[in-house]
Amino acid sequence: MLRTVHDVGKIFLLIKAKNKEAAIHRLKTEILELELFKCLEQMHGKSFKAFMMRKLVPVVGNVCESNLGMDPYTANEIAKEVDVIINSAANTTFDERYDVALNTNTSGPSRLLGFAKKCKKLSLFLHVSTAYVNGERQGLIMEKPFHMGQTIAEESATSESPPESIPVLDIIAEIELASDLKLSMHENVVAQKMIELGLQR
1 MLRTVHDVGK IFLLIKAKNK EAAIHRLKTE ILELELFKCL EQMHGKSFKA FMMRKLVPVV
61 GNVCESNLGM DPYTANEIAK EVDVIINSAA NTTFDERYDV ALNTNTSGPS RLLGFAKKCK
121 KLSLFLHVST AYVNGERQGL IMEKPFHMGQ TIAEESATSE SPPESIPVLD IIAEIELASD
181 LKLSMHENVV AQKMIELGLQ R
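In UniProt numbering, the protein residues as written are 1 to 201.
Worth flagging that the hints you see were computed from the coordinates, not collected in a lab. The reader is advised that the hints may include incorrect statements.
Stated by the list, open to error - The calculated DSS-like cross-link candidates involving lysine-lysine, where the alpha carbons are at most 30 Å apart (straight line), are:
{"#": "1", "residue 1": "K80", "residue 2": "K16"}
{"#": "2", "residue 1": "K28", "residue 2": "K121"}
{"#": "3", "residue 1": "K38", "residue 2": "K20"}
{"#": "4", "residue 1": "K49", "residue 2": "K18"}
{"#": "5", "residue 1": "K55", "residue 2": "K10"}
{"#": "6", "residue 1": "K117", "residue 2": "K10"}
{"#": "7", "residue 1": "K18", "residue 2": "K28"}
{"#": "8", "residue 1": "K144", "residue 2": "K18"}
{"#": "9", "residue 1": "K10", "residue 2": "K120"}
{"#": "10", "residue 1": "K38", "residue 2": "K49"}
{"#": "11", "residue 1": "K20", "residue 2": "K46"}
{"#": "12", "residue 1": "K182", "residue 2": "K18"}
{"#": "13", "residue 1": "K118", "residue 2": "K18"}
{"#": "14", "residue 1": "K16", "residue 2": "K46"}
{"#": "15", "residue 1": "K144", "residue 2": "K193"}
{"#": "16", "residue 1": "K55", "residue 2": "K118"}
{"#": "17", "residue 1": "K55", "residue 2": "K38"}
{"#": "18", "residue 1": "K38", "residue 2": "K16"}
{"#": "19", "residue 1": "K49", "residue 2": "K28"}
{"#": "20", "residue 1": "K49", "residue 2": "K121"}
{"#": "21", "residue 1": "K20", "residue 2": "K10"}
{"#": "22", "residue 1": "K117", "residue 2": "K20"}
Said to hold, decoys possible - Here are the computed distance ranges between Cβ atoms for each label pair:
{"#": "23", "residue 1": "V84", "residue 2": "H25", "range": "22 to 28 Å"}
{"#": "24", "residue 1": "A173", "residue 2": "E35", "range": "40 to 46 Å"}
{"#": "25", "residue 1": "K121", "residue 2": "L183", "range": "37 to 43 Å"}
Since the structure is predicted, the reported quantities are computational estimates derived from the model, not experimental observations. C-beta: ideal position from N, C-alpha, C; glycine also.
Please work from the sequences and hints to get the whole structure.
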């Protein structure tokens, strides 16, 4: 975006960090060092870092927390300015605790969408899904929007599959299942049971 869209004012980056200084440190050491930005570094030469620090604004936050982990003042100021939101925050660990994965990959985008509704200038909300969304399908896979509750398993089922064998995705029920299971167990077994539940689901 910074290479091709020349009139980008600034990009707010929600960074999980304990404070502003830690967020700036992560921006400088993790993000600016990415291979992705090498072409920009070649374009800007010695002024690359100054250019990037003018364009990229690190914001302490977390999609797993209410208000995205931002203080109210910061959230309000960003909501006044932002016109595009791109979400790629995700947990791609296969054996992650089910409650943790649900919080990041399901409730996280929902919280971000709630924030997006407060953004007066918003013209685009883009959600980049996790890395593993195509299931067992092979070959050229054309993009097709899914409807709420529809699953890849349902999409790939043949007409011979009995309807009751096709899993139905109920996000609210999944969140309640994880919460109820967590409340019913002793603390020292919660982590393992949540991992097992995630692998089953």
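Here's how the hints hold up against the structure:
Taking the CA atoms of K80 and K16, the gap is near 22 Å; set against the 30 Å cutoff, the hint holds. For the proposed pair K28 and K121, the alpha carbon gap of about 29 Å is at most 30 Å, so the pair holds. Among the hinted pairs, K38 with K20 is consistent with the structure: their alpha-carbon atoms are about 25 Å apart, no more than 30 Å. Between K49 and K18, the direct Cα distance comes to roughly 23 Å. Compliance with the 30 Å bound is thereby established for this hinted pair.
As the CA atoms of K55 and K10 are separated by approximately 4 Å, the hinted pair is consistent with the 30 Å bound. Distance check on the hinted pair: K117 and K10 sit about 20 Å apart at the alpha-carbon level, within 30 Å; holds. Restraint check for K18 and K28: the C-alpha separation of about 16 Å stays at or below 30 Å, so the hint holds. Distance check on the hinted pair: K144 and K18 sit about 39 Å apart at the alpha-carbon level, beyond 30 Å; violated.
The straight-line distance between the Cα atoms of K10 and K120 is roughly 17 Å, inside the 30 Å bound, and the hint therefore holds. The hinted pair formed by K38 and K49 meets the criterion: a straight-line CA distance of about 11 Å does not exceed 30 Å. Distance check on the hinted pair: K20 and K46 sit about 25 Å apart at the alpha-carbon level, within 30 Å; holds. Only pairs whose Cα atoms come within 30 Å are accepted, and K182 paired with K18 is accepted, the gap being roughly 27 Å.
A threshold of 30 Å between alpha carbons decides the hint, and for K118 with K18 the separation of about 25 Å falls inside it, so the pair holds. For a cut-off of 30 Å, the pair hint linking K16 to K46 stands: about 28 Å separates their Cα positions. At most 30 Å may separate the alpha-carbon atoms for a hinted pair to count; K144 and K193 exceed this at roughly 34 Å. Distance restraint check for K55 and K118: the Cα-Cα separation of roughly 23 Å lies within the 30 Å cut-off, and the hinted pair is therefore satisfied.
About 16 Å separates the Cα atoms of K55 and K38, which keeps this hinted pair within 30 Å; it holds. The hinted pair formed by K38 and K16 meets the criterion: a straight-line CA distance of about 24 Å does not exceed 30 Å. For the hint linking K49 to K28, the alpha-carbon distance of about 8 Å falls within 30 Å, and the restraint holds. A C-alpha spacing of about 29 Å is found between K49 and K121, which places the hinted pair at or below 30 Å, so the restraint holds.
As the CA atoms of K20 and K10 are separated by approximately 17 Å, the hinted pair is consistent with the 30 Å bound. Only pairs whose Cα atoms come within 30 Å are accepted, and K117 paired with K20 is accepted, the gap being roughly 25 Å. At roughly 26 Å, the beta-carbon separation of V84 and H25 lies within the given 22 to 28 Å, and the hint holds. One distance hint, 40 to 46 Å for the beta-carbon pair A173 and E35, holds here, with the actual separation near 41 Å.
Checked against the given bound of 37 to 43 Å, the beta carbons of K121 and L183, roughly 41 Å apart, stay inside it.
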